[in-house]
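Novice: Sequences listed follow chains A and B, in order.
Number 158 marks the last residue of the first sequence (our numbering); no jumps.
Number 158 marks the last residue of the second sequence (our numbering); no jumps.
By construction, these hints were calculated from the structure, which means they are not laboratory data.
Incorrect hints may appear among the rest.
One copy or two, it doesn't matter: identical chains are merged, so the pair holds either way.
Claimed, not checked - Result set (EDC-like, lysine to aspartate or glutamate): computed pairs, CA atoms no more than 20 Å apart in a straight line:
#	residue 1	residue 2
1	Lys57	Asp(-13)
2	Lys57	Asp74
3	Lys57	Glu(-9)
4	Lys57	Asp90
There are 2 protein chains.
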Amino acid sequence: MLQVDPIAEARRNWEAHGWTAAAPAMAVVTSIMRVQQLLLARVEAALRPHGLTFARYEVLMLLSFSRRGSLPLGKIGERLQVHPASVTNAVDRLEAQRLVRRQRHPTDRRAVLAVLTPRGRSVAAAATIDVNELFEALPLVDPDRLFEQLRGVREAAGDFGASDAPGTRLPCDERT
Amino acid sequence: MLQVDPIAEARRNWEAHGWTAAAPAMAVVTSIMRVQQLLLARVEAALRPHGLTFARYEVLMLLSFSRRGSLPLGKIGERLQVHPASVTNAVDRLEAQRLVRRQRHPTDRRAVLAVLTPRGRSVAAAATIDVNELFEALPLVDPDRLFEQLRGVREAAGDFGASDAPGTRLPCDERT
């Protein structure tokens, strides 16, 4: 384990070069990358015994929360905010595991539904017990405040909401 | 763009199932994943004109901050907290771009140094101008507080510091 926080040190280097206005955000961005890596490793370790990745777990949970236990693939991508190719890949794997099956949409001929199987529902429920145990043990001092701060970043990036007032989006937003 | 925040909705679903103790951390973890994705896309968009990824940019900056403009590959992995294979890969690419060259360590025969070239130093400086512009424009309301909260998560995960008191580590820490 490092004795010194490497991100705090990067920040000191940034400030020493006179980049003081950018230094706090640099430290936040680098911290987000690191914390994402730490948390993903832990969530995936909890999911591995259930044969799931985080991406596949998210698909199962979204389906389990849906009224009919099924959603069009396009809708899944939209709700999980991931690329259509990632949804296709996750559903392929879940189908091979017999946790989900594909079905033609009853009314929209262009759409394909992912349907949760009974086995998929029970694997999702079992995985959730372990994932929730992990979540409850996470040392987050003030999760609600942290959530709100991250929500501000997501909202400003145009992630959701009706607002598109100037200045509220992140620069270089390739999705606008 | 979604009108409703999908993470807030996931949280409501969590609470509706009685998983109230886990719901705030679930929302934080999911937000971290999403914010990481948003920020990485933006940083990489700023770096792309310079022929760099974030991983390679981090290596260049670490070398540029070092006293001699060179560091052993092992040290780079330790400081950037990435897997040795990722460092090898980044240095391979940087070497092909002639931004870095490999050199035998003068005293430690088992170690290989990555040495910043003059071209590497100037590409890093040019990229930093664009990256800092992006950092300064990020809509972070209270970056210092956000940094501290993320720092708490990193510290509890055993990322740095001398503390290894019981209960301060995240569960399932495979590195301990």
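Novice: Could you figure out if Lys57 and Asp74 sit no more than 20 Å apart (CA to CA) within one copy, between two copies, both or neither?
Specialist: within (16 Å within a copy, 40 Å between copies)
Novice: Is it within, between, both or neither when you check Lys57 against Glu(-9) at 20 Å Cα-Cα?
Specialist: Classified as between; 15 Å across copies, 43 Å inside a copy.
Novice: Checking an output row: Lys57 and Asp90, CA cutoff 20 Å. Within, between, both or neither?
Specialist: So Lys57 and Asp90 pass the 20 Å test inside one copy only (13 Å; across, 56 Å).
Novice: Please sort Lys57 with Asp(-13) into within, between, both or neither, judging by C-alpha distance up to 20 Å.
Specialist: between (41 Å within a copy, 14 Å between copies)
Checked against the numbered hints given earlier, the structure satisfies every one of them.
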